[in-house]
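Asker: Given these sequences and hints, build the entire structure.
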Amino acid sequence: MVAVTPETGQDSGLGADLGAQLAAAFDAAVAAEERVEPRDWMPEAYRASLVRQMAQHAHSEIIGMQPEANWITRAPSLRRKAILMAKVQDEAGHGLYLYSAAETLGTSRDELLDKLHSGKQKYSSIFNYPTLTWADVGAIGWLVDGAAITNQVPICRCSYGPYARAMVRICKEESFHQRQGFELLMALSKGTEAQHAMAQDAVNRWWWPSLMMFGPPDDESAHSAQSMAWRIKRHSNDELRQRFVDIAVPQAEALGLTLPDPDLKWNEERGHHDFGAIDWAEFWDVLKGNGPCNEQRIGQRRRAHEEGAWVREAAAAYAEKHSAHHAAQNAATNEEAGV
Amino acid sequence: MTGTDAVQSDGVQSDDVRPDVIPSAALTLGDDALILSHRLGEWAGHAPVLEEEVALANIALDLLGQARVLLSMAGDEDELAFLREERSFRNLQLVEQPNGDFAHTIARQLYFSFHQHELYAELAAGDGPFAPLAAKAVKETAYHRDHAEQWTLRLGDGTPESRARMRAALDALWKYTGEMFQPVDGVDGVDWAALEDRWLAAVGAVLERAGLTLPEGPRSGAWAAGAGRQGLHTESFGRLLAEMQHLHRSHPGASW
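Protein sequence lines, in the order shown, are assigned to chains A and B. Each residue of the first sequence is one higher than the last, beginning at 1 in the working numbering. Each residue of the second sequence is one higher than the last, beginning at 1 in the working numbering.
No lab work stands behind these hints, which were simulated from the structure alone. Virtual Cβ for every residue (Gly too), placed ideally from N, Cα, C. Treat the hints with care, as some may be off.
Partner residues aside, some chain A positions facing chain B, computed with beta carbon under 10 Å [what the hints assert, rightly or not]: (1) I62; (2) I72; (3) A82; (4) A187; (5) A314.
Answerer: Okay, structure coming up:
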């Protein structure tokens, strides 16, 4: 998007109309599917919208470590333990990419973490549900990661370059996690009666919250229209939700598990599955902080941050001492060399 | 990341298993890796900084990978991990010590990873049954050692608080270090006394750079040095096993 950098704008003598001209050029470039890069001019609202979305995404990755890490120490085989540890580690890695991508918009990781800890920024509400049994680890992989992938694959084509590129890598890993979750549930479903029941119970509990992950219905979604125009978002919440349901239904059949919705059936005319009404009252309630684990999740996050403060201070003090030491050494060397 | 290797491999590679392996020796080395990996896994979601979530998980995954190979040399990895009683575990008492604060975890890593690296380097150079595993693992332990060293320097030479915490952690865990140099039956070709000398010199050098010194005092706890190797553990170990084993034990014969 070299065409709309402030420098070229000024060179062409746009004067008082500069803002409007830049905005028009930006809109045209985005509509033409050009990528926006960190040094390009962008409307403040675009920047703010991206920071909000990327921060929420990064926060979801690191809060999302908790419900699964809850089972690392209890994983029932060493193979499953290795898979789960690697998955939770990947989530930390995704958090790192996303905070770094957000930094390209001029906002630091510390700043974003402060906003998470103070409740000014949100994370995906799905992580406010508890992981009560081992099968929940599989249900999260299959359904929650499955829903996340449905949401995130289109973001690989997001207009903002650093976000789009981070998402390419993240989606690859997420689809690996989703297959692992599916495979975990398959082992349970085909296992003993108790294991099968555990898998069914987990799917019963995670199905509806997974559908809520796509956000409110299109007519109630606050940020959707502008995000679509800016090519941050590519499909509406309801479209993505439908896509997810259509993918999940045959997968549930393959697993030998049922989905807890009596209204779920194929609609020949629409070429899609119809499904029952989502309990939006529950969605808004959990979002407002009244889910089963809201306080626990944010509490653990804050505690880890506070208890780690002395470690981060030590690392900073050490780095400063040693860079000062280096600088002094360099100065001495320069002096000797007569520079 | 090494995690991916662990994930992609469904079990152990047969070229690691040799007919001349002594099962109790494989179990001894395997238990060290298994239990330390478990403790490090407890950090997930609690680390002081995001980079450490990744680093600690990385080390935990390396150790779990080693444990799986070693336990499989002695029998079925899951039966051995999930169905043995506390008195049958042969791990060092050092590796079962609770995480404590970050300084305790780093001190435990410093003591253990320098030991494990020296031991595996020696095993890798020989032609015993552990040589193939050690040759792979020594690349991992080099990183573990480096990680522990870097943090020991930062904490020792960071702030007065970090220095005090590191000092306290080094002192608290010192008594568990003597056990690392008790000869293990079936781990042949190791000069344990020389290993101990090299360990003292290497750890001492790191501590000196960090502005710290080797702790003083006895290097064996209330039990004689070598207790963990004989299945005598500390109280927190029973709870670790209860948590680790309960799900597996609750479904006898189930596959996961």
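Asker: None of the hints should be skipped; say for each whether it holds.
Answerer: These are the hints, each one checked on the structure:
| no. | hint | result |
| --- | --- | --- |
| 1 | I62 | holds (7 Å) |
| 2 | I72 | holds (5 Å) |
| 3 | A82 | holds (4 Å) |
| 4 | A187 | holds (6 Å) |
| 5 | A314 | holds (3 Å) |
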